[in-house]
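Participant: Residue numbers (our numbering), protein chains in the order written: chain A, 23 to 289; chain B, 4 to 270; chain C, 2 to 334.
These are calculated hints, taken from the structure and not from any lab test. Beta carbons are placed, not taken as given, at the ideal position from N, Cα and C, and that holds for glycine. It is possible that part of the hints are untrue.
[Stated by the list, open to error] What follows is a list of derived Cβ distance ranges for each label pair:
1) Leu145(C) to Lys46(A): 29 to 37 Å
2) Trp260(A) to Pro203(B): 20 to 28 Å
3) Ile173(A) to His228(B): 37 to 45 Å
4) Phe123(B) to Ala195(C): 37 to 45 Å
5) His228(B) to Thr222(A): 28 to 36 Å
6) Met268(A) to Ile249(B): 38 to 46 Å
7) Glu317(C) to Lys95(B): 23 to 31 Å
8) Arg14(B) to Thr222(A): 32 to 40 Å
[To be verified] Straight-line Cα separation of at most 27 Å, DSSO-like style, residue types lysine-lysine; simulated pairs:
9) Lys37(A) to Lys88(C)
10) Lys307(C) to Lys257(C)
11) Lys275(A) to Lys92(C)
12) Lys88(C) to Lys26(A)
13) Lys212(A) to Lys102(B)
14) Lys283(A) to Lys40(C)
15) Lys257(C) to Lys95(B)
16) Lys283(A) to Lys326(C)
17) Lys326(C) to Lys26(A)
18) Lys88(C) to Lys143(C)
19) Lys37(C) to Lys283(A)
20) Lys194(C) to Lys88(C)
21) Lys194(C) to Lys40(C)
22) Lys275(A) to Lys88(C)
23) Lys185(B) to Lys212(A)
24) Lys102(B) to Lys259(B)
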Amino acid sequence: MKKKGIGFYLRIYGKILAQDLKSKMSYRADFIISTIGMIFTNISGFVSFWILFKNFSSINGWSYYEMLFLYGFSLVSITPVQCLFDNNWSLRIYVYSGDFIKYCFRPINLFFYFQSEVFDIKGLGQLAFGIGTIVYSWSRIGLAVTPLAIIKLVVFLITASLIMIALQNAAAATCFWIQNSFYVLDLAFKFKDYARYPITIFSPVFRFIFTFVIPIAFIAYYPSLVILRPDAVPILSWLSPVIGVMFFYISYKIWMYGAMKYSGTGS
Amino acid sequence: MSIKKYLTLTRAGIIEALQFRLSFLVMIIGNLLYLIVIYFLWKAIYASAGTDVVGGMTFSDTLIYLVLATALYNFMEMYTVWEIGRNIQSGKIVLDLLKPMEYRRYLFWSYSGSFVTQFFLTFLPTFIAVSILTHGAISFGVNLPLFVVSVIMAISINYSIDFIVGTICLYTESIWGINIMKQVIVLLLSGATIPIAFFPEPLKSAMFYLPFQSIYNAPLTVLLHGGSDIESALRLMGMQLVWVVIMNVISIVFWKASLRQITVNGG
Amino acid sequence: MSSIIEIKNVSKEFKVLNRREGLKGSLMDLFSRDYKIVKAVDDISMTIEPGEIVGYLGPNGAGKSTTIKMMTGVLEPSSGEILVNGKIPYKNRTENAQQIGVVFGQRSQLWWALPLIESFKILKDIYMIPDSDYNNMLEFYKSLVDIDDLLHKPVRQMSLGQRTLSDILAAFLHNPAIVFLDEPTIGLDVSMKAKIRTLIKGLNKEKKTTVILTTHDMGDVDALCERIVIIDHGKMLYDNDIEHLKGFFGSYRTLKVRVDDDLKVESEIIQGEFEDLQVTSDDEWISILVDEDKIGVIDVFGTLQKTHKISDMQIEEISTEDVIKKIYEGGVK
Chain A
23 MKKKGIGFYL
33 RIYGKILAQD
43 LKSKMSYRAD
53 FIISTIGMIF
63 TNISGFVSFW
73 ILFKNFSSIN
83 GWSYYEMLFL
93 YGFSLVSITP
103 VQCLFDNNWS
113 LRIYVYSGDF
123 IKYCFRPINL
133 FFYFQSEVFD
143 IKGLGQLAFG
153 IGTIVYSWSR
163 IGLAVTPLAI
173 IKLVVFLITA
183 SLIMIALQNA
193 AAATCFWIQN
203 SFYVLDLAFK
213 FKDYARYPIT
223 IFSPVFRFIF
233 TFVIPIAFIA
243 YYPSLVILRP
253 DAVPILSWLS
263 PVIGVMFFYI
273 SYKIWMYGAM
283 KYSGTGS
Chain B
4 MSIKKYLTLT
14 RAGIIEALQF
24 RLSFLVMIIG
34 NLLYLIVIYF
44 LWKAIYASAG
54 TDVVGGMTFS
64 DTLIYLVLAT
74 ALYNFMEMYT
84 VWEIGRNIQS
94 GKIVLDLLKP
104 MEYRRYLFWS
114 YSGSFVTQFF
124 LTFLPTFIAV
134 SILTHGAISF
144 GVNLPLFVVS
154 VIMAISINYS
164 IDFIVGTICL
174 YTESIWGINI
184 MKQVIVLLLS
194 GATIPIAFFP
204 EPLKSAMFYL
214 PFQSIYNAPL
224 TVLLHGGSDI
234 ESALRLMGMQ
244 LVWVVIMNVI
254 SIVFWKASLR
264 QITVNGG
Chain C
2 MSSIIEIKNV
12 SKEFKVLNRR
22 EGLKGSLMDL
32 FSRDYKIVKA
42 VDDISMTIEP
52 GEIVGYLGPN
62 GAGKSTTIKM
72 MTGVLEPSSG
82 EILVNGKIPY
92 KNRTENAQQI
102 GVVFGQRSQL
112 WWALPLIESF
122 KILKDIYMIP
132 DSDYNNMLEF
142 YKSLVDIDDL
152 LHKPVRQMSL
162 GQRTLSDILA
172 AFLHNPAIVF
182 LDEPTIGLDV
192 SMKAKIRTLI
202 KGLNKEKKTT
212 VILTTHDMGD
222 VDALCERIVI
232 IDHGKMLYDN
242 DIEHLKGFFG
252 SYRTLKVRVD
262 DDLKVESEII
272 QGEFEDLQVT
282 SDDEWISILV
292 DEDKIGVIDV
302 FGTLQKTHKI
312 SDMQIEEIST
322 EDVIKKIYEG
332 GVK
């Protein structure tokens with residue numbers, strides 16, 4: 023049998039995606055309303071932000087625009103989880119009903135096959151919001167725009183996104199062991215909101231927890247420092263790509279282990 | 004009308020909720036994490052502000068308000084919109100309509116079991132913890148019975164809004180989009196995420212004329228200040244009562260009018 | 002020729018939660034839980050040769066699905082050994098998947114929103130089917146069943162029968178060595194059942210595909226299977242030719258009668274009169290299974306005629322359905 027490499031999987035993903043988008047266009051009303059819902063969510067986030075800074079001019083030494091940069095950074099870095107891994111939300115339903123078994127019969131990677139089924143196009147709206155926020159706050163802070171800075175930004179955004187993906191994978195995988203894992207997933211989903219704040223506001227104990235146990239500080243705070251505070255970048259910021267990849271790998275292993283262990287215990 | 008058939012649904016709901024013991028644990032951990040995050044966040048905010056009182060609220064006022072708002076949210080969120088939407092999509096709604104009970108009531112009482120469990124498992128412990136930790140910042144007097152009445156009215160308003168939004172799903176087929184819009188609007192405009200006291204002026208008075216502040220802001224204000232200022236507490240509750248009537252009427256009429264939609268579509 | 006599937010002394014156990022009853026029970030479950038071990042499959046052995054169509058039968062919950070899940074590599078046996086095409090399925094799940102096709106429990110494996118032909122194209126890539134094989138297979142499908150209407154229809158808009166048909170076509174698309182069909186005709190109308198049987202038979206004949214079929218429909222068994230394996234409570238009850246099985250019941254005949262009154266009511270009355278015999282009814286006939294070593298068919302008919310107004314009658318060899326029913330009841334050694 024031929025080896026199935028990244029090229030093989032990318033081609034399959036592209037095909038499924040193209041077909042999926044085509045069929046989504048036939049549900050136009052749902053698409054439009056969902057997009058509006060997504061815009062609402064983002065606007066409400068901004069409004070909360072704005073109200074907060076109406077009352078307080080800075081938080082823990084972070085100015086309004088720096089906080090806005092963090093916020094934009096977190097929005098972009100959670101886009102991949104929204105777009106590419108949205109089927110995780112349905113996992114518990116497939117497992118509960120026994121329909122999950124249908125993913126087990128294909129000669130391709132189970133995790134890939136499952137996730138490839140859904141591409142959530144709404145996330146692209148969020149991406150646009152996030153990029154807009156980053157650009158706006160970047161120019162307001164008056165940071166220099168260099169090719170190197172942009173490359174850094176892109177690399178750190180991608181690796182930061184792996185953290186959120188990892189958290190969501192692990193949370194979704196709990197459904198292989200416990201019933202009604204919705205709460206776990208919902209909890210993990212809320213982490214994205216906590217990732218917007220500088221880790222320095224927490225006490226040392228929670229700084230440690232949010233760095234090493236539930237690594238949400240790597241979703242926006244540590245990678246942002248590379249751009250925002252280029253003169254004093256802590257070592258953890260430079261490590262954040264490694265940590266992103268590592269956590270993603272661990273979450274993938276947990277997910278696969280759960281899927282194999284579960285293996286259609288229901289009849 | 005016998006109350007017994009409704010209480011049967013409540014009992015079934017409690018039994019169902021108890022099947023998922025791990026979700027309780029997760030929910031409690033999730034709430035704790037959320038509370039930790041808002042504690043440190045607002046501590047940092049107040050520390051940066053330089054003054055003790057902002058928007059008429061001290062740090063501990065704000066914290067008590069937000070903690071109880073979260074507890075109240077966990078207790079009142081019933082995922083009604085999801086349920087109605089799912090029932091519409093799967094066609095199960097036709098079966099529910101055949102039950103010898105009005106659908107609006109049937110759904111409410113089916114969920115009432117989770118009210119009971121949530122009340123004892125999340126709201127009550129949080130409430131007790133807050134009142135002990137803040138050394139009597141919550142007074143125990145006439146405000147308590149007023150609070151209970153106010154919460155009951157809040158539940159009624161919240162449920163009516165949910166039911167109206169759920170009914171909209173009959174027309175749109177877009178559950179996610181509709182639900183997220185509702186959630187975002189309710190959470191922001193009800194004062195559940197940021198206390199209404201912090202909102203800038205024109206917005207603040209505008210919100211007073213909307214139904215949403217009756218859901219979280221009203222009961223919490225009654226609880227925290229109802230002991231010392233009975234008159235304004237009663238005024239808030241009068242406002243709530245008006246909204247209870249309006250929202251209930253709208254949701255009942257809208258549902259009745261929309262039922263034709265089901266009959267036409269054949270479910 | 003070597004066997005394509007070898008199963009040796011395979012067992013599978015599950016841990017099942019005992020739930021307590023009522024509100025108090027639920028509260029108790031919250032703090033302490035009580036598990037019991039269930040043996041879904043208990044020491045099963047069989048070998049299947051290439052090109053066979055094997056009917057795998059048994060009542061609901063007998064362990065059929067569990068066995069199939071083990072053969073497809075989804076479940077690991079608790080003990081025993083399974084070889085599919087010389088490999089252990091559980092350890093080589095993806096490799097095994099390449100050479101099998103599965104239609105499982107009416108759960109469509111196709112992309113819900115996509116037209117069938119698009120699903121096929123994706124499967125073509127997933128299974129790395131060469132263009133010529135793919136086109137030949139499509140041509141062959143067209144010669145067996147009329148699929149032109151189906152190809153451009155999204156799966157979600159199909160009727161149950163069309164969906165099942167599509168799933169079967171998808172399962173054979175990469176020309177697998179073995180296809181597992183779990184209840185392929187459940188809930189379908191008579192003409193669709195016939196269509197699906199023709200399709201399976203045709204594919205088996207032309208492509209020499211081994212087919213493992215679980216079903217409750219004896220029409221499927223009669224139309225397709227030469228060999229049947231029967232299990233119940235996880236234990237194997239029977240594994241041999243259908244003809245051989247019928248030989249056991251050589252002295253059995255089925256007496257079929259038609260009456261003018263309500264068949265169901267009448268059949269219950271008759272059952273009351275002949276307590277030793279097995280009486281069943283369908284839309285047209287009341288069937289009475291008679292063991293001629295004990296009582297003659299004509300004697301039974303004579304007795305019946307005295308008390309019932311019979312409009313038509315037939316005497317048949319024992320049907321497969323009756324044989325299997327007998328076996329479930331413990332009638333064969």
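Participant: The structure should be examined with respect to each hint, and the outcome stated for every one.
Facilitator: Right, here's what the structure says about each hint:
no.	hint	result
1	Leu145(C) to Lys46(A): 29 to 37 Å	33 Å, holds
2	Trp260(A) to Pro203(B): 20 to 28 Å	41 Å, violated
3	Ile173(A) to His228(B): 37 to 45 Å	54 Å, violated
4	Phe123(B) to Ala195(C): 37 to 45 Å	59 Å, violated
5	His228(B) to Thr222(A): 28 to 36 Å	34 Å, holds
6	Met268(A) to Ile249(B): 38 to 46 Å	54 Å, violated
7	Glu317(C) to Lys95(B): 23 to 31 Å	44 Å, violated
8	Arg14(B) to Thr222(A): 32 to 40 Å	49 Å, violated
9	Lys37(A) to Lys88(C)	31 Å, violated
10	Lys307(C) to Lys257(C)	16 Å, holds
11	Lys275(A) to Lys92(C)	17 Å, holds
12	Lys88(C) to Lys26(A)	20 Å, holds
13	Lys212(A) to Lys102(B)	37 Å, violated
14	Lys283(A) to Lys40(C)	17 Å, holds
15	Lys257(C) to Lys95(B)	42 Å, violated
16	Lys283(A) to Lys326(C)	36 Å, violated
17	Lys326(C) to Lys26(A)	48 Å, violated
18	Lys88(C) to Lys143(C)	33 Å, violated
19	Lys37(C) to Lys283(A)	18 Å, holds
20	Lys194(C) to Lys88(C)	34 Å, violated
21	Lys194(C) to Lys40(C)	33 Å, violated
22	Lys275(A) to Lys88(C)	24 Å, holds
23	Lys185(B) to Lys212(A)	17 Å, holds
24	Lys102(B) to Lys259(B)	16 Å, holds
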